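Asks: Protein chains in written order, with the working numbering: chain A, 92 to 623; chain B, 24 to 377.
Derived from the structure by calculation, the hints contain no laboratory data.
For clarity, every value in this text was computed on a predicted model and none was experimentally measured.
Cβ-Cβ distance ranges computed for the label pairs, FRET-style: (1) Lys82(B) <-> Arg356(A): 42 to 52 Å; (2) Gly37(B) <-> Pro267(A): 51 to 61 Å; (3) Val58(B) <-> Glu320(A): 47 to 57 Å.
BS3-like, lysine-lysine: derived pairs with alpha carbons at most 27 Å apart: (4) Lys334(A) <-> Lys93(B); (5) Lys81(B) <-> Lys281(A); (6) Lys162(B) <-> Lys153(A); (7) Lys427(A) <-> Lys284(A); (8) Lys138(B) <-> Lys281(A); (9) Lys281(A) <-> Lys130(B); (10) Lys399(A) <-> Lys130(B); (11) Lys93(B) <-> Lys81(B); (12) Lys108(B) <-> Lys456(A); (13) Lys81(B) <-> Lys456(A); (14) Lys153(A) <-> Lys292(A); (15) Lys130(B) <-> Lys292(A); (16) Lys443(A) <-> Lys130(B); (17) Lys161(B) <-> Lys153(A); (18) Lys30(B) <-> Lys544(A); (19) Lys427(A) <-> Lys130(B); (20) Lys142(B) <-> Lys281(A); (21) Lys456(A) <-> Lys130(B); (22) Lys284(A) <-> Lys81(B); (23) Lys138(B) <-> Lys284(A); (24) Lys443(A) <-> Lys161(B); (25) Lys93(B) <-> Lys284(A); (26) Lys284(A) <-> Lys456(A); (27) Lys162(B) <-> Lys241(A); (28) Lys138(B) <-> Lys334(A); (29) Lys78(B) <-> Lys284(A); (30) Lys130(B) <-> Lys284(A); (31) Lys130(B) <-> Lys334(A); (32) Lys82(B) <-> Lys456(A); (33) Lys456(A) <-> Lys142(B); (34) Lys293(B) <-> Lys544(A); (35) Lys93(B) <-> Lys443(A); (36) Lys456(A) <-> Lys78(B); (37) Lys161(B) <-> Lys241(A); (38) Lys30(B) <-> Lys619(A); (39) Lys284(A) <-> Lys142(B); (40) Lys443(A) <-> Lys162(B).
Yeah, the Cβ is synthetic: ideal placement off N, Cα and C, and Gly gets one too.
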Amino acid sequence: MKRLSWRAGISAALILIAFVFLVPSVTQELPAWWSGVLPKDKIHLGLDLQGGVHLILEVEVKKAVESYLERVVEDLKPDLRKSKIRVLDLKRRGIDGIEITLAPDQEAKDLETLLGTTYPSFKLETGVRDEKGKAYFLSLIEQERTQIYKMAADQALETIRNRVDQFGVTEPDIRPQAGYRILIQLPGVKDPKRAIDLIGKTARLEFKLVDEENSLEDALKGNLPAGSEILQETAVDRKTGRKTTVPYLLKKRSPLTGESITDARVQLDNQMGEPYVSLAFDSRGARVFERITGDNVGKRLAIVLDDKVYSAPVIRDKISGGKAQITGAFSMDDAKDLAIVLRAGALPAPVKILEERTVGPSLGKDSIDQGFTSMVIGLSIILILVAVYYRLSGIIADAVLLLNIPFILGGLALFGATLTLPGIAGVILSIAMSVDANVLIYERIREELRLGKPARAAMEAGFARAFVTILDSNLTTVIAGLVLLQFGTGPVKGFAVTLIIGLVSNVLTAVFMARIVFDYLYVIKRWKTISI
Amino acid sequence: MEIFKTKLNLDFVGKRYLAFAISGICILATVVLLVARGGPNYGVDFAGGVVVQVKLEKKHTPAEIRDALKGTELEDSIIQEFGEKTAFEYLIRVTNPDIRAAGLGEKAQQALSAKLGEKVDIRQVEMVGPQVGEELRKKALYAIFYAMLMMAVYISGRFEQKWLMSAVMAGSLIAASSFAAILGVGVMWLIFVALAVSIALCWFMKLKYAMGAIVSLMHDVFVVIGAFALTDREVSLSTVAALLTIVGYSLNDNIVVFDRIRENLGRLRKMPFMEIINVSINETLSRTILTGTTTLIVLVVLLVFGGPVIHDFAFALLIGVLTGTYSSIFVASPILLLWEGKTLQTGKNSKPQG
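Same shape as in the complex, but just chain A (with noise of 0.2 Å):
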């Protein structure tokens, strides 16, 4: 028969191609002879099973805006001051725009028209006119605030992208997500809160000078001098482990930032062994460097980094050539994490851990432990059952489902999904169920034999009429798959993968596989009873 030897060479080249791609995840190393076209990827361990940091971040884009429009009200004080135009007060107003008071004599029309020039994001709003001056306002176009908020999402995830990709983590998966939020999964890290912190630290570098001109005493107790804030140093001593603050009184303006740094690397101080961090400045940087170094001095300039000092040295001599350094009472690790993410650069804006989940290793190996476990008892007890319920048409049921296994973890492999806990559990469930069409199909042949059917007649009859209702019912709970699969993250989308791939396997197995040997039987060899 012709058509019953395509059929089987169609089964056994599906069995091959599954072995196949089984290959790469059984083997510790491919033999030579596999060849470039031939797959290499494994499985895929979910972070459930091998351990690992679930993150998702929202980028705070609205801090994005905020630092925009501080930046454009520091660019519009010497730009007003070019076109005269007297301003009385000049300030953000939230992240909608920038609130501005002419003095009562000055006319709007050359703010007018150096808006025009120079700020095309804005547009000119009259406010109300009190007893001081003019107010107006200058309202961020919507399209603008959009673009912004879009671009910071996107050099936050950039900027994240960089920072695990040098923190050495293998496998990440980050990615963008609706709503500026970024999706980061880091499986196998030994270390999450490392990983996490690394990741989250906006990491604003400012190098800020000291005010001594004013009192620190007199600015703690609140009158802080305008143009100056006070800012915290956290000192641990190493021997107690007791933290201490440290206030200082330090310039608002910052001439130099982290965003003039080409590299920066861990090195060891010669005479006490202690990590610190060198930095290397861009040419324009150097220059500032040198500026700032040679116009002050024996004052005390202060690496500023998120809003927290790291230390404050003073100034012994001009600096140039754009190196400077960042000793601090550092760990090795935190020294080289302070290098990663000045090299990385900043976040555009600072991110909000909305969710995070941590798998230690320990929980993933008894979870893949168990998973397996459970898999091989009730698998056993499944093949048995089936075998003595249906004898000889039991063991060829018995053949095909076990099929199922390598099409199951072939079609995972093939599809570069993941395999979790639940997704375990999945493939378990779809041999249940794969066990249902071969149920269906016996029971239905069962039926036709005690009609009084020879055995070829009701053998065909039984696939045939079984056949329409293992479809629909299959389908039915694909359905289901794909709504969980539009639906889950992490560990439900596992499940839902492995039960789609496994009720197609379902279908291919018990429906065309096993007809061959039925067909073989019956048709071919003519067999004249059968043991059901």
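Dock chain B against chain A, hints included.
Replies: Here is chain B on its own, set in the frame of chain A:
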């Protein structure tokens, strides 16, 4: 080997009022339980908050652990034993959804190993912000709703060739629900209204198979949620995955019976509809029992050997398979009879075949 040697003729449909009563009581009990508790017992996935799972070296009382956590963000936590007694695993749970500190696992580890003086293994940390919890809850409800709706469409199409009508029903429901979502109606209410509307539409369009399926699927989902409330289990993301699988499984069961009813309708033209349903259930009974049993065996194995992480998931599936099997016999099929007396009057006075 066979379960039933002789041809069966059990009167399942005749017991339908008893079955409706039992199902009604189960659903009512679920509703009462949920109302009494003020909603399902949402886990960290949906309620937001933090759960830290730790493994210690010896037994401690919750109070000891809470004492050891003094001074950390976790001091106001609820401590529960988790899994087997001999594993010494504990869940440290903070329900305050505003908690936002990263690295809580590390802090718990430091505090516990310092105060208890033993090795502390942080097995798992889950932190879900309130915003994400809320979103996940919405998504989960929608997922269950859409899964049921799509299946109803599929069934009406396959069994009654009413693809167009069921597509119209689905389309209008989706449009109505997205419109209501824009207006900001609570998702919970939205789903309830949508389901009520689907049942009403099924009734008027005489999509009886779809109606049987939807009612029995709702029945199963309710019973499982009720079982969770009764045993004080948490509804988490994996529970939703389990619910959707149950929806799939239960429908699978319904379809096998429906398929047989459809086939017998063509074969036994003269038999009253009620009889046909009974015959069909009887004919498929050994399959129903066999498949149900193998699936249950697998799930019991998973429940016993699968470990604590998958325990609730396996439990949900176990209850679901039980109620799914029950509902396909006692709920889905008898519902087809609701139209009896209106449409199938003609068949009644003829003598049955056989």
